[in-house]
Amino acid sequence: MITRTARRWLGAFTFLVCLCAVAPVLVIVIESLTSANYVAFPPPGLSFKWYGETLKRPEFIDSMFVSLAVALATSIVSTALGTLTGIALVRYSFRGRGLLQSLFSMPLSLPGLIFGLALLQFVTLRNLPVNGWTLLVAHIIITMPFAIRFVSVALLGVNANVELAARSLGANPWAAFRHVTFPLVRPGMVASLVFAFILSFDEVAASLFVSTPDAMTLPVRIYVYIDQNYDPLITAISSVLVFAAVIALVIIERTMGMGKLFGLR
Amino acid sequence: MSHIELRDISKRYGDVTAVSHLSLRVEQGEFLALLGPSGCGKTTTLQMLAGFVEPSDGEIVIGERPMSGVPSHKRNIGVMFQSYALFPHLSVFDNVAFGLKMRKVPSDESARRVRQALDLVQLGTLDQRFPRELSGGQQQRVALARAIVIEPSVLLLDEPLSNLDASLREQMRFEIREIQKRVGITTVFVTHDQSEAMAVADRLVVMSQGHIRQVGTASEIYETPADVFVASFIGQANLLRGQAQRAPNGDIELRLADGAVVAAKYADRGYGGGPATLALRPEDLHLASDARPDTNQLPGTVTRVNYLGSTLNIGVRAGDHALTVLAPRDAGIPAEGDNVFVYWPSTAGTLIVENA
Chain A
0 MITRTARRWL GAFTFLVCLC AVAPVLVIVI ESLTSANYVA FPPPGLSFKW YGETLKRPEF
60 IDSMFVSLAV ALATSIVSTA LGTLTGIALV RYSFRGRGLL QSLFSMPLSL PGLIFGLALL
120 QFVTLRNLPV NGWTLLVAHI IITMPFAIRF VSVALLGVNA NVELAARSLG ANPWAAFRHV
180 TFPLVRPGMV ASLVFAFILS FDEVAASLFV STPDAMTLPV RIYVYIDQNY DPLITAISSV
240 LVFAAVIALV IIERTMGMGK LFGLR
Chain B
0 MSHIELRDIS KRYGDVTAVS HLSLRVEQGE FLALLGPSGC GKTTTLQMLA GFVEPSDGEI
60 VIGERPMSGV PSHKRNIGVM FQSYALFPHL SVFDNVAFGL KMRKVPSDES ARRVRQALDL
120 VQLGTLDQRF PRELSGGQQQ RVALARAIVI EPSVLLLDEP LSNLDASLRE QMRFEIREIQ
180 KRVGITTVFV THDQSEAMAV ADRLVVMSQG HIRQVGTASE IYETPADVFV ASFIGQANLL
240 RGQAQRAPNG DIELRLADGA VVAAKYADRG YGGGPATLAL RPEDLHLASD ARPDTNQLPG
300 TVTRVNYLGS TLNIGVRAGD HALTVLAPRD AGIPAEGDNV FVYWPSTAGT LIVENA
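Going down the list, the protein sequences come from chains A and B.
If you count the first sequence from 1, position 72 lands on 71 in numbering that gives the first Met the number 0, and the numbers rise without skipping.
If you count the second sequence from 1, position 154 lands on 153 in numbering that gives the first Met the number 0, and the numbers rise without skipping.
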């Protein structure tokens, strides 16, 4: 039994934690509205001029498109592969299933930097070109464990007998998938699409290694820029990324509910 | 030829044998119950009939068609599950119409048949609801409608009533039986509840540990259980173990461990004797305060008296045996600790001999 005072303390503590997590991002968003030519908090004056500045930089616009394209492709491929894998791992039992499950989860435990470096070495040592495709492969590998997880969770929420019922009523395996399994895991697939998109868009560590001047994602571009310059341009671009992420999360909440993704509901 | 034949079916999962050398015949239109405790293999047998699981050995024939290699969706069966397994994303109407849709039945004929099936289970007004809006009993009726609307050759019911509360269970078991009789579909019904099986089935198959112990009508199984397992699984049984021998006058005598001797009947005239168990139903036994030497009797002490309204359930300790006696309430109510005689006619009960 949690007493009312304990609940209030818990609420205050939770609020503090959220504040600490969100505050730095809020600061950046506020800084992006500055009228000055230097980064300051609080900003001396408010202006949207730095958002306008971002449009004048072709390399950033370029990277925005690269990020969008890679994120879109990643989310689609990752979700497709993740769905097939998720269904196989949940609905079928076979020898080596546990091993495969661990194998598919491994990208989660691999630091992005190490993975990026390893992928770079792998590709160059075989005299393969490093380009947008390498970037795509890296992002797919990184996001797949999540795609598998989301689809698996959705599938586990479905009574396994439902598929047997469909079969007994005359549905062949493909018809059973199309009419029964797919509609029921669709929320998981949508969540996977959105989550993989966000993950890919924000990915920095591995992308640092496999990005090239022609195929450089936005976060990597920002990172490189900060190395040389420090002006409010970067805060404006970062804020755009934050807004995009917020929109994506709202979509997930509406289609599947964030709590369910993490097994809370 | 029988409608369904299982010929020497076995199912193994690695080292575990779920079903062992099972042979069974089901006649057209029959309502057969597979009955037994958890793990006896009844559900596995049903799954093999449905095609969800392939037998390790043996053959299944339905309607003179061998079923090996035939997937579920080609077997023309209807299945009901313990968890109902309704499609949560479809309305009641679409749930019931699903099988017809898979068979490409034109939509107007499909609609007519769906309405007919829903009327049969008395859910005609709820066709636009979704499964989550229905009670357990209503969901189970939708599941029944869904299974029979496709006019399958066989109906397979996997403990369909186990998730319902007791009164609904009793009501639904008779409804299912009514509908089955009306439509005439061969039905195999799996349950662990012996009173349920006895109430509705034409024949019962009592199973344990992957084997069939006995097949018969409810009265055959109750009156003449084939072995000790069946005797104690169905109803209550008082089991008196001992050595049987043939008395000089030709009757069988059972010498119990504590020395008491009781008379029993055994059909096989050629039986000479050996270890055996006399299985007596509680209602076969009677209590008396004085000895009844002209019948079988055992002296004992009353250990408990349960007043059940119409009957009394009385526990008696007689020597090594803990007996249960079901007495009518007008026979007088004994008290705990009373010394009584438990007696029964030699025609009562079944002598179960141990195979040599």
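Among the hints, a few may not be true.
To be verified - Taking CB as the label site, the calculated pair distances span:
1. B/Arg-24 x A/Leu-102: 25 to 31 angstroms
2. B/Arg-268 x A/Asn-171: 32 to 38 angstroms
3. B/Ser-22 x A/Arg-90: 29 to 35 angstroms
4. B/Leu-167 x A/Met-105: 47 to 53 angstroms
5. B/Arg-24 x A/Arg-90: 29 to 35 angstroms
6. B/Glu-53 x A/Val-241: 31 to 37 angstroms
Unchecked claim - From the structure, some residues in chain B lie toward chain A, with a derived Cβ separation under 7 angstroms:
7. His-72
8. Ile-76
9. His-88
10. Ser-90
11. Gly-98
Claimed, not checked - Facing chain A, a subset of chain B residues (Cβ under 8 angstroms, in silico):
12. Ala-49
13. Phe-51
14. Ser-55
15. Gly-57
16. Phe-80
17. Phe-86
Hints were generated in silico from the structure; no laboratory data involved.
Note that CB positions come from ideal geometry on N, CA and C, so glycine has one too.
Do the hints match the structure? See the list:
For B/Arg-24 and A/Leu-102, the Cβ-Cβ distance of about 49 angstroms falls outside the hinted range of 25 to 31 angstroms, so the restraint is violated. At about 59 angstroms, the beta-carbon gap between B/Arg-268 and A/Asn-171 misses the expected band of 32 to 38 angstroms. Taking 29 to 35 angstroms as the suggested C-beta distance range, the pair B/Ser-22 and A/Arg-90 conforms, at roughly 32 angstroms. Hint check: B/Leu-167 to A/Met-105, Cβ distance near 50 angstroms, so the stated range 47 to 53 angstroms holds.
A hinted range of 29 to 35 angstroms for the beta carbons of B/Arg-24 and A/Arg-90 is consistent with their spacing of about 34 angstroms. At roughly 55 angstroms, the beta carbons of B/Glu-53 and A/Val-241 sit outside the given window of 31 to 37 angstroms. Here the hint on B/His-72 is kept, as its CB sits about 5 angstroms from the closest CB of chain A, short of 7 angstroms. Given hint, B/Ile-76 at the interface with chain A, holds; its Cβ is 6 angstroms from that chain's nearest Cβ, closer than 7 angstroms.
Taking 7 angstroms as the C-beta cut-off, the interface hint given for B/His-88 holds, the closest approach to chain A being about 5 angstroms. Restraint check, B/Ser-90 versus chain A: the minimum CB separation of about 13 angstroms is more than 7 angstroms; hint violated. Against a cut-off of 7 angstroms between C-beta atoms, the interface hint on B/Gly-98 holds, since the closest Cβ of chain A lies about 4 angstroms away. A distance limit of 8 angstroms between C-beta atoms decides the matter here; for B/Ala-49 the minimum to chain A is near 6 angstroms, and the interface restraint holds.
For B/Phe-51, the interface hint holds, since its Cβ comes within 8 angstroms of a Cβ in chain A; the closest pair sits about 6 angstroms apart. Checking B/Ser-55 against chain A: minimum C-beta separation of about 16 angstroms lies over 8 angstroms; hint violated. Annotation: interface hint on B/Gly-57 violated; nearest CB of chain A at approximately 21 angstroms, more than 8 angstroms. Annotation: interface hint on B/Phe-80 holds; nearest CB of chain A at approximately 5 angstroms, less than 8 angstroms.
The beta carbon of B/Phe-86 is positioned within 8 angstroms of a beta carbon in chain A (closest approach about 6 angstroms), and the interface hint is therefore held.
In the structure shown, a violation is registered for the earlier hints numbered 1, 2, 6, 10, 14 and 15, in ascending order.
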